[in-house]
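2 protein chains.
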Amino acid sequence: MKIAVLGTGMVGRAHAIRLVELGNDVTIGTKNVAKTLSVTNPDQMGNPPFSLWHKDHSQIKLMTFADAVKDADLVFEALHGSAVLNVLKPLESFLTGKILIDISNGMPPTLFVANTDSLGEQIQRALPKTKVIKTFNTVNAIIQVNPQLLANGDHDIFLSGNDAGAKADVNKLLQSYGWKNIIDLGDITTARGTEMMMPFWLRIFSSLKTPMFNYKIVMK
Amino acid sequence: MKIAVLGTGMVGRAHAIRLVELGNDVTIGTKNVAKTLSVTNPDQMGNPPFSLWHKDHSQIKLMTFADAVKDADLVFEALHGSAVLNVLKPLESFLTGKILIDISNGMPPTLFVANTDSLGEQIQRALPKTKVIKTFNTVNAIIQVNPQLLANGDHDIFLSGNDAGAKADVNKLLQSYGWKNIIDLGDITTARGTEMMMPFWLRIFSSLKTPMFNYKIVMK
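These protein sequence lines map, in sequence, to chains A and B. Residue 40 in this note's numbering sits at position 37 of the first sequence; the count goes up by one each step and never skips. Residue 123 in this note's numbering sits at position 120 of the second sequence; the count goes up by one each step and never skips.
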């Protein structure tokens, strides 16, 4: 499958690698290719610059957002929450009819949308003909793409979206990543629930001193 | 121990029963005793009126908020989120130096305080000389008081509060209820994390069709 990953940060990179491993043809989209490649310093989090990472993953082509999305069958969006709508809206025609997997959260430690709205819903309203699926946003990038690293994969991931067919496709993709426990929360408004987990995630992270954890829903 | 439980709803009742089982001297506080006892219809959730419940639990005295709190060693607050501050502020002098366990959440499905503040913090600011501990608010009342009902108690409860001694006391109380996995999230500002779980809890409830679930943090 031809898959475009929008975003050159650690989340985008992790998915790009995993999707290639799984046999997909993957491109990464960015605003300005030359500018992205010109960065030579680590980012604020200490992650290596994209150009350095790209040397080891040169089969993944870096393109503008539009070029990456144009020919893609499926699009991942792993952008900063504050940039998402500005990036996606101009791509509307290229995204029509396609599945867009939205991984973005608000800007830690504070969400700029919560309670009565969510980023997932904002994206779905901005792109009414795109099948927006919110998932992955409750766990760190390493576990997102390799759930088996934790407790043999016996922990949960959540899905929100309006289109049942798109959710079935994303469910299969999650399974190909190794996800065993996939909970469909309902339509895209349920993204409010998972987006509002981020402040909790940060406090657990701070208490446990590791980002390598996830939630398991224990039922009677 | 003399314990006052503020609130006559299902959460207050569940804790009152459990605290009596554990050998405590328990009173329930309400705004207007005569009015609370005069209700003869079930509430909006279909719960029996307090007077009917009280017939089976007459050893638990019903008092005004002030009378209940005055002589208590420890106070539980299980009020509607919107009523909490109005009820507690006039009780300030009676609550000085005491532990107040705050179980309240915003009004489902929407929180009226989130992100940059929390009910727990609002209460702590309103009662600076009270040791406010936020806990229990991530799970339903039945599991709050009997965690063993679910997966032999192998799931998690969270604590937020500024006073280390008070947290140690509440930790013991949680253990006496049967809680085995107690995660200290830090100071009272971490209540933002657990209060913002409520919108997620509601979506899981809706997806699983049962309120009998809880979270377990799975770590590497």
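By construction, these hints were calculated from the structure, which means they are not laboratory data. Where hints are given, some of them may not hold.
Pairs count within a copy or across copies, as identical chains cannot be separated in the list.
[To be verified] Here are the simulated DSS-like pairs of lysine-lysine, each with C-alpha atoms no more than 30 Å apart in a straight line:
| id | residue 1 | residue 2 |
| --- | --- | --- |
| 1 | Lys223 | Lys183 |
| 2 | Lys38 | Lys212 |
| 3 | Lys175 | Lys5 |
| 4 | Lys38 | Lys223 |
| 5 | Lys175 | Lys212 |
| 6 | Lys58 | Lys34 |
| 7 | Lys5 | Lys73 |
| 8 | Lys183 | Lys219 |
| 9 | Lys38 | Lys175 |
| 10 | Lys64 | Lys212 |
What you are looking at is a predicted structure, and each value in this text was computed from that prediction instead of being measured.
Hints and how they fare:
1. Lys223 with Lys183: both (19 Å within a copy, 17 Å between copies)
2. Lys38 with Lys212: Cα proximity of Lys38 and Lys212: none, with 34 Å in one copy and 50 Å across.
3. Lys175 with Lys5: within (16 Å within a copy, 55 Å between copies)
4. Lys38 with Lys223: Neither, since 53 Å and 37 Å both go past 30 Å.
5. Lys175 with Lys212: between (32 Å within a copy, 24 Å between copies)
6. Lys58 with Lys34: Answer is within: at 20 Å inside a copy they meet the 30 Å cutoff, but 69 Å across does not.
7. Lys5 with Lys73: Answer is within; shortest intra-copy Cα gap is 10 Å, inter-copy 69 Å.
8. Lys183 with Lys219: The answer is both: 11 Å in one copy and 16 Å across copies each meet 30 Å.
9. Lys38 with Lys175: neither (35 Å within a copy, 56 Å between copies)
10. Lys64 with Lys212: Result: close neither inside a copy nor across copies, 35 Å intra and 44 Å inter.
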